[in-house]
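Read top to bottom, the protein sequences are chains A and B.
Using this note's numbering, the first residue of the first sequence is number 1, and each one after it goes up by one.
Using this note's numbering, the first residue of the second sequence is number 279, and each one after it goes up by one.
Calculated from the structure, these hints are not laboratory results.
It is possible that some hints are incorrect.
If we take Cβ atoms under 10 Å as the criterion, some of the chain B residues that face chain A in the derived model are [said to hold, decoys possible]: (1) A329; (2) P362; (3) T373.
The beta-carbon is built from N, C-alpha and C at its ideal position, and this holds for glycine as well.
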Amino acid sequence: MTRTPLRRFADYAVLGVLAFVFVLPVLYLILGSFKPSDQVLNGLTGFLPTHLSFDNYRAVLSSFDSDATGYFWRFMGISLLLATVVVLGGLIVNSMAAYGLTRLRWRGQGAVFALVLLLMLVPFEAVAVPLFYLFNDQRNTVWIQAVPFIANAFSLYQFSTFFRAIPPSIEEAARIDGAGPWRTFFAIVVPMSKPVFASVAILTFLTQWGAFLWPVLMVSDPAVRPLPLEMSVFQGQMPVDWGQVLAFGVLLILPVLIVFAFFQRWFVQGVAGSAVKG
Amino acid sequence: MNPGTPRSRRTAATAAALALPLAALAACGGGSGSGTSAEQGSGTGTITVWAHQGQASEAAALQNAVKTFNSSQKKVKVKLTLIPDTDYTKTITATDAARLPDVMEFDGPTMANFVYNKKLAAIGSYVSAKTLANATPAIKAEGSVDGRQYGLGMYDSGLGVYGNKKLLDAAGITYPKGLSDAWTAAEFTDAVKKLAAKDPDGKSLDLQESNGFANEWGTYGFAPVVWSAGGSLLKNGKAQGALDTPAVASALKTFQSWKKYTDPNTDGNAFAKGRVALSWVGHWMYPAYGKALGKDLVVLPLPDFGNGPKTGQGSWEWGIGANTKNGKAAGAFLDSLLDDTNVTAMTTANGAPPGTRSALTKSSLYKQGGPLQLFADQLAKPCGDRDITKTCVAVTRPVTAGYPTVTAKFSQALSDVYGGADPKTALAKAARAIDQDFSDNDGYQLQ
Chain A
1 MTRTPLRRFA
11 DYAVLGVLAF
21 VFVLPVLYLI
31 LGSFKPSDQV
41 LNGLTGFLPT
51 HLSFDNYRAV
61 LSSFDSDATG
71 YFWRFMGISL
81 LLATVVVLGG
91 LIVNSMAAYG
101 LTRLRWRGQG
111 AVFALVLLLM
121 LVPFEAVAVP
131 LFYLFNDQRN
141 TVWIQAVPFI
151 ANAFSLYQFS
161 TFFRAIPPSI
171 EEAARIDGAG
181 PWRTFFAIVV
191 PMSKPVFASV
201 AILTFLTQWG
211 AFLWPVLMVS
221 DPAVRPLPLE
231 MSVFQGQMPV
241 DWGQVLAFGV
251 LLILPVLIVF
261 AFFQRWFVQG
271 VAGSAVKG
Chain B
279 MNPGTPRSRR
289 TAATAAALAL
299 PLAALAACGG
309 GSGSGTSAEQ
319 GSGTGTITVW
329 AHQGQASEAA
339 ALQNAVKTFN
349 SSQKKVKVKL
359 TLIPDTDYTK
369 TITATDAARL
379 PDVMEFDGPT
389 MANFVYNKKL
399 AAIGSYVSAK
409 TLANATPAIK
419 AEGSVDGRQY
429 GLGMYDSGLG
439 VYGNKKLLDA
449 AGITYPKGLS
459 DAWTAAEFTD
469 AVKKLAAKDP
479 DGKSLDLQES
489 NGFANEWGTY
499 GFAPVVWSAG
509 GSLLKNGKAQ
519 GALDTPAVAS
529 ALKTFQSWKK
539 YTDPNTDGNA
549 FAKGRVALSW
559 VGHWMYPAYG
569 KALGKDLVVL
579 PLPDFGNGPK
589 TGQGSWEWGI
599 GANTKNGKAA
609 GAFLDSLLDD
619 TNVTAMTTAN
629 GAPPGTRSAL
639 TKSSLYKQGG
649 PLQLFADQLA
659 KPCGDRDITK
669 TCVAVTRPVT
679 AGYPTVTAKF
689 SQALSDVYGG
699 ADPKTALAKA
709 ARAIDQDFSD
719 NDGYQLQ
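Please put together the full structure from these sequences, using the hints given.
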């Protein structure tokens, strides 16, 4: 069925309006980051590109330029390190666990899988205090910010739904050719599962990049603080300098936008795929 | 004063909600504030210092003070760590006393909780008598618990009503010249109404509504209404009979009536751009308002609800960690930090009223005849947190380990009243909840 030009115009009009609505806050963020504070929250005139300068960015970067305050690029480096460790560790651990729970046959498999899935119902906030006491001796370390988040029930669920859709005959053929479970997983299943690896990687990266609650409880040393915690430098004092808040916001989301730009196709495929299969 | 704002409201609310149980759990071992293991030590070596990182100018002034101290002598080296403002109190709450630094800054109202949880040592044995004597009475009142000094501040804070002289004159309104002729609540309301009648959008007042009231701004900014009505947030460890009196309910009814004349001020520019003629806020808005209005800016006391005009006071203070092994060095650093050079540099950077007598008299903003003399006049008449008489003005928020509950319940009640709730009912509910919490915690008594 072909769409009439009028219908096509209507579709694009609706999509255009929706896209505008979603882009608007980001546009406001970027424009505001270049404006003086008293010009930012100015109603619709906040969208006008007037009084533009890099002053807010200079102020943000100069707020983190000593041993006492820590250094901006170091905070960003810590965030990147944490995100990398959690993403890579999570891809390995959760995919292997999902494969073991989905495709291997062993006693109690179903019960363990159900138990792991139940963990998705427990919000992190509910276990934050017990975790805090459990790891209180490990405060102010990099690893304590990453390790508890590598094993993730939701990632495992995403992998398992994808693995279930792989025809068993492919694995049986590998087994007949002499491949054991390890080789089958790494040589056959993983190469076939790139979309789910991509979508899990992106979702994990987004979650980890914005992590706030756990670091705020566990970290005070500027040497190991991730970037999102530094946002409050600009929000705690009265009057709030909104230009600097927005400049920090732009710097904070920049890596996320870059990652998204590179992996956009896989991200859409992965999310759409797991949604259909789920 | 530190009315914080969230990174995201949900996350901050969650973090705050988690900080409270952490504080409560930590409080299980509390109750013996004086039993700390602080030691005088040798007075030499490296000491650690934690402070909040807020305005860039404040952070720079503090780092400069540390740098100067380190280079001025060779016995003590200070290692400073700045922690972002909004996370700062949570960080201290979540850190074991044994891991806290030798010297730390804290927001005034949180001090009693840290004393209760054995995180602070009394500083009387470590700082010099000269430093103690030079602190303003209001700063001393804020930093003491049960007669022992745990904190001293480089600066204080104060509330007032900023007025736009041009708009006031155009509406034919006479306004107070100082504390002695402060507006009564009725006169203030009348002025607000007259100004609103002349205003195109009918809004003549800014109460910093966009901050919300169910937070520390609610308590700091509007507890003066309670005090000026003869009430109190807490009296002899109880809120019932102090917070929920008919006079306080009546005062909050008046506060509620201002809502229809209040600009929501979502852009933060209502007063600076002349949309409203009156702004109820603290000293910290002077630089922006002074720049915007110049000679048309007037500074007025808060209105009098019957028990005299009142203001909140208190800000960040400095104290010594309960487990320091080098109290002598910590005291030496505090002596340096609270000298005229550093206090003047800091208050020049942030515009706050100096927390020491000598720096206050030299301050161009707060000295007699200075543009913010009113704030100094108010702070010169401290009430402490208990004896809120008609003649005193600057009231310290309740110095108790249960303050987190007091401020949470009162500010929620205030927010509800502003939103239309019956003041009597809201105050009664808050008072009951505060008393229940104090009863559950044996009144947060220090042993």
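For the hint on B/P362, just tell me whether its beta-carbon gets within less than 10 Å of chain A. With a closest approach of 4 Å, the B/P362 hint holds.
B/T373 as an interface hint toward chain A, with CB separation required under 10 Å: With Cβ-Cβ at 7 Å, under 10 Å, it holds.
Given a cut of 10 Å on the nearest C-beta pair, is the interface hint for B/A329 held or broken against chain A? The hint holds - B/A329 has a Cβ within 10 Å of chain A, the shortest such distance being about 8 Å.
The structure agrees with every numbered hint stated previously.
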